[in-house]
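J.: Full structure from sequences and hints, please.
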Amino acid sequence: MMRVIILSILLVGFLSACNTSRPLTNLNNYSIEYLVDEDETVEDIKLSILRAGQVLGWKMDAVKPGLIRGTLHLRAHTAVVDIPYTLNDYSILYVDSKNLDYNGSTIHRSYPRWVNNLKAKIDEYIASR
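In the numbering used here, the protein residues as written are 51 to 179.
Check the hints yourself; a few may be wrong.
Said to hold, decoys possible - Result set (SDA-like, lysine to any residue): computed pairs, CA atoms no more than 25 Å apart in a straight line:
1) Lys148 <-> Glu88
2) Lys171 <-> Glu93
3) Lys169 <-> Glu88
4) Lys148 <-> Leu77
5) Lys114 <-> Asp139
6) Lys169 <-> Leu77
Hints are computed from structural coordinates only; laboratory data are not their basis. If you're wondering where the values come from, they're calculated on a predicted model, not measured in any experiment.
T.: As structure tokens, this is what we get:
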């Protein structure tokens, strides 16, 4: 009986470790008003986002005023996000991916970490301007 319990616990642990998917959630209209100094401009926000992404290995492209597209290539994985921004907020929105097992609702477990690291670095750069 004890052997069955131990094997069951090990099996559950193994199966949960094999789950590589997480729900995909976008960062929508994340307020940065508390990070922005009164003399900062939208151009300062743009530069902070571009630099933050570049430091983390993202290829950052200014698509048009108020919108940056970030692309991250890691090994065989690619993630593409759009980052619309204003002086008050920004978003990080999923656009596309390769080899991240996106199925319309879940994505590879690394993607949320990459986006969270990008958010943290953007905040750091905005606050330090």
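J.: Each of the hints needs a verdict: does it hold here or not?
T.: To see whether the hints hold, each was checked on the structure:
1. Lys148 <-> Glu88: Roughly 40 Å separates the two Cα atoms, so the pair is violated.
2. Lys171 <-> Glu93: Roughly 17 Å separates the two Cα atoms, so the pair holds.
3. Lys169 <-> Glu88: 21 Å, holds
4. Lys148 <-> Leu77: Distance ~20 Å between Lys148 and Leu77 Cα, so the pair holds.
5. Lys114 <-> Asp139: Within the cut-off at roughly 17 Å; holds.
6. Lys169 <-> Leu77: Satisfied, since the Cα-Cα distance of roughly 9 Å is no more than 25 Å.
Violation of the numbered hints given earlier is confined to hint 1; every other hint is satisfied by the structure.
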